[in-house]
Each structure stands twice: as C-alpha cells, then as structure tokens.
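Engineer: Sequence lines, in order, name chains D and W. Under this note's numbering, the first residue of the first sequence is numbered 31, with each subsequent residue one higher. Under this note's numbering, the first residue of the second sequence is numbered 31, with each subsequent residue one higher.
These are computed hints drawn from the structure, not numbers from a lab. Bear in mind that the values here come from a model prediction, so they are computed numbers and not experimental data. Zero decoy hints are in this set.
Repeated chains share a single entry, so a pair holds when one copy, or any two copies, can fit it.
Subject to a maximum C-alpha distance of 30 Å in a straight line, what follows is the list of computed DSS-like cross-link-like pairs (lysine-lysine):
hint, residue 1, residue 2
1, 186, 117
2, 73, 60
3, 129, 82
4, 161, 114
5, 129, 60
6, 83, 128
7, 128, 186
8, 83, 117
9, 190, 117
10, 68, 199
11, 199, 67
12, 161, 105
13, 114, 199
14, 117, 82
15, 105, 190
16, 68, 161
17, 114, 128
18, 173, 83
19, 114, 83
20, 83, 129
Number of protein chains: 2
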Amino acid sequence: MAIKTKSIYSNRGMWLENIINDVNTYYLSKDIAVIYKKPTPIKVLNVCYRSKKTTIIDKAVFAQTSTLDYNGIYKGKYIEFDAKECKSTTSFPLSNIKKHQLNHIDNIIRHGGITFLVIFMNNAFYLLEGKVLLEYIYNNDRKSIPFEFIQSNGHKIPEKYFPRIDYLKIVDELIRSEL
Amino acid sequence: MAIKTKSIYSNRGMWLENIINDVNTYYLSKDIAVIYKKPTPIKVLNVCYRSKKTTIIDKAVFAQTSTLDYNGIYKGKYIEFDAKECKSTTSFPLSNIKKHQLNHIDNIIRHGGITFLVIFMNNAFYLLEGKVLLEYIYNNDRKSIPFEFIQSNGHKIPEKYFPRIDYLKIVDELIRSEL
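Next up, chain D with everything else stripped away, as it sits in the complex (with noise of 0.2 Å):
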C-alpha cells in the first residue's frame, strides 16, 4: 500500500469551482444575489486538542452529499446547482449524479425552488435545467447524456471577460419562461 501525500488543490474539479466561485463573488459585491458553495462534507475520525484556541484534526474522510453543491437567493427564490466538468465529447456519464442528489432535486423542484447543473464540456459552459435532467433520466434508459441533448435542451452561457460566466443570466430566462 502506497502512501501518496499530495495537495488537494490539484483536483481537476477545481478549476470549475474557482470560476463559479469567482462569480458568486461578483453577484454578492453587486448585490445581486446571495449565492454559497457549501462546505465539502468532511467525517472527522478523529481530533486532537493541540490548545483551547486550535483542534488539529488527524483522521477524516471525504463523505458524500445528498445535496447539490451551491444554493442561495436571487430575486426572492431559492436556488441551488451542481457544477460539473465532463472530460467526454460526447456523452455527460450519469455517474455523475447520485440517486439522493435527483430526489433532492426533485424536492427542490416541487417546493418551487430552482435548480440546474452547470456543464462544463467541449470547451462551453451548458445550463441544464433540474426538470430536464430528470425527464431526461425518466425516459431515457442511458448511463450517459449525449452531448446534442444538452446542446439542445440545455442553455449555453455566454463567457465574457468578467464575469466569467453571468449565469444568472438564463435563470432570468427561465423565470420568465415560467411566468
């Protein structure tokens, strides 16, 4: 058994994260909406007190979560998202989303919450509804989304030099849309 010491900032997940990171900041110094990455859930195994002020923590493990990655408030409604960078050109694996994570984002759906992936695939960013991702999943027996349905039902997000990716934007669509 190998052990292997290594930064966690070189997770490929990251870049992703830092860009919607980046934005979220932006919406907040605006004062646009209130947007948070939640904390990656951590199980601690085992702590050591080192003084009154630190606790070292010396055994954990990454656990899992069963909700999405970022919620807030924008406009009075309740958002929540995944960010998700998919190294395949052509298809967006399933595996990618856990079962807890579709109940929840159903959950979301139907307490008139709004909810969506962020896709980052083929050098572009892609909005996917919640509703879509599920009707999709619901009718379609695929481990895999192909890369022309997310071209198609999705909404690709416009980059520009700051910020990055103003993905507010579509959800001001489809707030409308639902109007």
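Starting from the known structure of chain D, arrange chain W on it as the hints suggest.
Structural biologist: What follows is chain W alone, placed relative to chain D:
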C-alpha cells in the same frame, strides 16, 4: 503542550443540532420543507491517498463560516437559520454571532429570504427573527441581548413529543404577518 484525543460528539452544541436535524428529517419525510444543515467547514491541510477509493485526510482544522448553519426551501421561500444553546440565564452573548454572519443575515433579508436564530435558553426554545436581531444590535451598544428582550420580541416555540420543535409553525406566522 498536552495532546488530548477526544470524540467530537461530546460537543455541547451537538444536542441542539441533533434536535434540529431530527425536525428537518421529519419535514423532509412529510414533504413539508427541504432544509439541511450545511457541512461544518473544514480546511484540509494534508491528505494521504491510501487507495483510489479512499482518501484519508491526516491534517485539517475547523474553519469559520460566514453564513448560518441551516438552509433550504419552504413554501417556495428561502429559509436560513442558526441554532444556539445559551448557558446564561440572563442574557444571550452576541459573541455567538460573527460580523460576517450579521452581514449575511442582512443580505438574506434584503433579497427576500426568511432568516432567524433558534435559541435554547432557560429550558425553552425561542425563534428570534433576523431583522429583530439586527435592529437590537443597531440600536443598543451592548454585548448581549437580555433574556427579557428575547421573551418579548422572540417567539417561543412550543415543544411536543414529535417533532420536538415544529419551528415552521412560527415561520408560518411570520409569512402571514408579511402578507
């Protein structure tokens, strides 16, 4: 420097957290609301990869949060709150709430969300609205809130067998009073 190893579940705060988690699980199971505790923020300092499937974190510290612990959706509305146990019988120390959290409460109110504290004090549960908390802080140059203020301006949450505190009943009153 003495290093002491101790289970984190002996934390006093876990008692109230467990009660709130049970209430939220009840709300979810009855399809009343979708409210979760956010994971405790932990700053990972080092990980050692044992295998492809399990990552062991061998150095981490608890980090501060700038938001509140619980959030979710109820009747299409954004809800965020924190739960605090108060040992003092005479006043609730404002050191319990950080400056960032006060800004966050202000942000949520301005964006149309519902935000409050659940305070356990003198053997009873009180819901104190975010706006009442902020008004108190702006108008009083004090480091704590007297218990009498919480009794007069907060809402006592009735206790019952299950769920122990049905705090959304008080939220219903708040929603009705806003209409």
